[in-house]
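**Q** Listed here are the chains, written in short residue letters.
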Amino acid sequence: MTRKPKDRRTFLKSVGGAATAVGVAGCAGLGGGSERDYFKLGAVTSLSGDLRFGGEVTQRGYDLWADTINEEQGGIEVGGETYEVQIEYADAQSNPSTGADAASEMINDGADAILGPYSSNVTLAVCPIMEQNSMPHITGSAESPQIWQEGYEYSFGTIPTVSIIGNEAAAALTNLEPQPESVYITAVNEPFSVATGDSMRAAAEEAGITIENYEKFPRNTDYTNVVSAAQNADPDLHLHGGHIGSHVNLVNAAEQLGYNPDGFLMHYGVNTGSYKDGAGAQAPHTFGATVWIPSVDREGGVLFDSPQAYADASQSAYETAPDYTQAGSTAAGIVFQEAFKELGAAPPLSQEDKDELIGILEEIEVSTFYGDVAFETEGEYHHNNINTQPLLIQLGEDGSPTIVGPEDSATDEANYPVPAWDER
Amino acid sequence: MVDIGLFTQIVINGLLLGGIYVTIGVGFSLAFGVLEVVDFAVGEYVMVGAFMGAVLAPVFGSEGIFAIPIVLVVFFALGALIQPLIHHVTTGDRPHPLLMGLVFTFGLATFLRGSVLTIFGPNNRDVPSSLLTGGVTIPGLGTFPVVRTVTAVFGVSGLIVFMYYLYRTRGGMAIRAIAEDRTNARLMGININRYQSIAYGAYAALTGSAGVFIGMTFTANPGMGLQYTAFAFFMVVLAGMGYLPGVIIAGIVLGLTQSFTAVYISGNVVLLVLFAIIYGVLLVSPAGILGKGEWAT
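Here the protein sequences line up with chains A and B, keeping their order.
The opening position of the first sequence corresponds to residue 1 in our numbering, with each subsequent residue numbered one higher.
The opening position of the second sequence corresponds to residue 1001 in our numbering, with each subsequent residue numbered one higher.
Hints should not be assumed to be uniformly reliable.
Unchecked claim - Pulled a few chain B residues facing chain A out of the computed Cβ check, cut under 7 Å:
# : residue
1 : L1017
2 : N1124
3 : G1135
4 : F1218
5 : G1223
6 : T1257
Said to hold, decoys possible - Here are some of the chain B residues that sit facing chain A, going by a computed Cβ distance under 8 Å:
# : residue
7 : D1003
8 : V1263
9 : I1265
If you're looking for bench data, these hints aren't it; they were derived computationally from the structure.
Backbone N, C-alpha and C fix where the C-beta goes; we use that ideal spot for every residue, glycine too.
Throw the hints in and build the complete structure from the sequences for me.
**A** This is the structure in structure tokens:
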């Protein structure tokens, strides 16, 4: 068989025709006009890079929701039909701009809604993309107040802002006896951690406690210098905002230099396996902030009967005890599930459906194992769920957390002042 | 008013931090000086060494320091096996041999990081050693954290051993001859492959062992390698490319600069100051602070 040579015009016609066909097909997908018998959620999270630990936590949270609803109920029931949930992931690579690109990709792929990234940095980059594309978005793991102060219409969050979590945990710690007279505050210089440090400073100021210093520094700093400066100030408490690696470095340097304040309060991630494994013998007695742990005294709700039932499901699926970020991520899925039911529209959702979904989310009240979820529509933290009670926790000798504050939520007494490093 | 107690402690912190950098810089400088390989995998050797320490520590009753001899042997063997591959991609008729070596080791670094991430996951891992906990306080001077002091001693000892081997033994003379002129060294009957494998193996062994110490000082994390790669580059630029004794001076300069900047100016400008020094040295004295690096010849 001989191949007939094509002239340039014929070639261009062929390419143009093919490109048009691909474009039309793509537009059909974009408009959501194609048939689909499942809800398609896009999830943007960091599966590589510095934030991959947290990214995997959110992924477990989202997956546990989707797997449970699909296995136990066959999916989400809408108008007498049941539709499975499928989550497609895009890797933000711990980078805000990559996260924004990944979000655009998810939207172009025709997602019905988006589950949000891990970390405030990436979320701050993703939220404007959601606004531009009018795409409903719930994040289960971003705490920076900036996100909610922007007043985004299409973004919601199940975890209260750190301005509330950090503040109330620090306030609970400053109420312990003997009452501290001075604090030293440190924070890694990035939005979430600085917001954490700010919230702790506000708590100290409200309690009338002397703030010896409030120091911010980059992520890869050498903590002996931080500790030496703090040690020189000799505070009663050390409060720190950062992620897990920075906490580990801080307590290691404190142990090495014999820096012994009456307690360390650090946020985020004190009750994660990564902190416990990374800090080793230095982990016990550390104070942390959370809004949820498996032992919290709370009724269950949609999908999971109790916090412990959720923890057991996580242990069974991933051999990992969940923390509040994972729980908040699962709760984000549950909220979407209840909102889809109320919307009553079969997938794929049209733009009108998505706009209507926003109204439903603003009114929704869902009782979950994680707590009651309802989003703010007035006030400073727009679309943030601020209903969940922040808790002060402390790690025991075996690294497991117990609730030690505030007083009306505490299940155990704090070990305070904590023993000196050479007395442990 | 400068607080004298804080000042002396910052000096101690800076010197010991410099000691940690020396443990990495020595091997890296050797690899560049002798093999002319800019090894992008240096930080990942540190990371893998730290994870080996975390894995082996429980075997030795939670004493990571006892894992050092095993890590030394394993990394020496690993380095000796990898070096012929590097030699293969940086010799022959391949264009830009330095770039080839850089690309090869970059791939190696990515492979090592991905492997550890796959095997151990993203979590931090403690490298325990109760023998090296706490610090020794000298009144009027400050506190010397035991693990950091031992790490610095290890780095300086490694440098002394390397120097002794290079300048006092026949093997060292052979390695220096290879570094001077590979072709002539071969004509003199020196087994180039053998001595290059020894040099790269020694570099890998020292760097992997440094990883155990760094794991004990901080923690083991799959993402920790990149910052040590960056500091290894800083070290050889300040020390002078391939000039081993300069590594100690470079470590001290880096450590003290970092510590004093963090405490007396701001932690936020530490990297800015370090880069300013690096650029300054590159512009004014490209052969390093002491002017004895490779570019001086």
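**Q** Taking 7 Å as the limit, does the beta-carbon of B/G1135 come near enough to a beta-carbon in chain A?
**A** With a minimum Cβ separation of about 5 Å from chain A (threshold 7 Å), the hint on B/G1135 holds.
**Q** Once the shortest beta carbon distance from B/F1218 to chain A is found, is it less than 7 Å?
**A** 6 Å, holds
**Q** Given B/I1265 was flagged as interface, is its beta-carbon under 8 Å from a beta-carbon of chain A?
**A** Because about 11 Å separates B/I1265 from the closest Cβ in chain A, which is outside the 8 Å limit, the hint is violated.
**Q** Using the nearest Cβ pair, does B/D1003 come within less than 8 Å of chain A?
**A** Where the cut-off is 8 Å and the nearest Cβ of chain A is about 6 Å from B/D1003, the hint holds.
**Q** Is the shortest C-beta separation between B/V1263 and chain A less than 8 Å?
**A** 5 Å, holds
**Q** Once the shortest beta carbon distance from B/N1124 to chain A is found, is it less than 7 Å?
**A** 3 Å, holds
**Q** Just to be careful: measuring from the Cβ of B/G1223 to every Cβ in chain A, is the smallest value less than 7 Å?
**A** The hint holds - B/G1223 has a Cβ within 7 Å of chain A, the shortest such distance being about 5 Å.
**Q** Next item in the hint list is B/T1257. Is there a CB on chain A closer than 7 Å to its CB?
**A** Since chain A brings no Cβ nearer than about 11 Å to B/T1257, farther than 7 Å, the hint is violated.
**Q** Against chain A, with CB atoms and a cut of 7 Å, does the hint on B/L1017 hold up?
**A** This interface hint holds because 5 Å falls under the 7 Å limit.
In summary, the structure is inconsistent with hints 6 and 9 from the numbered list given earlier, while agreeing with the others.
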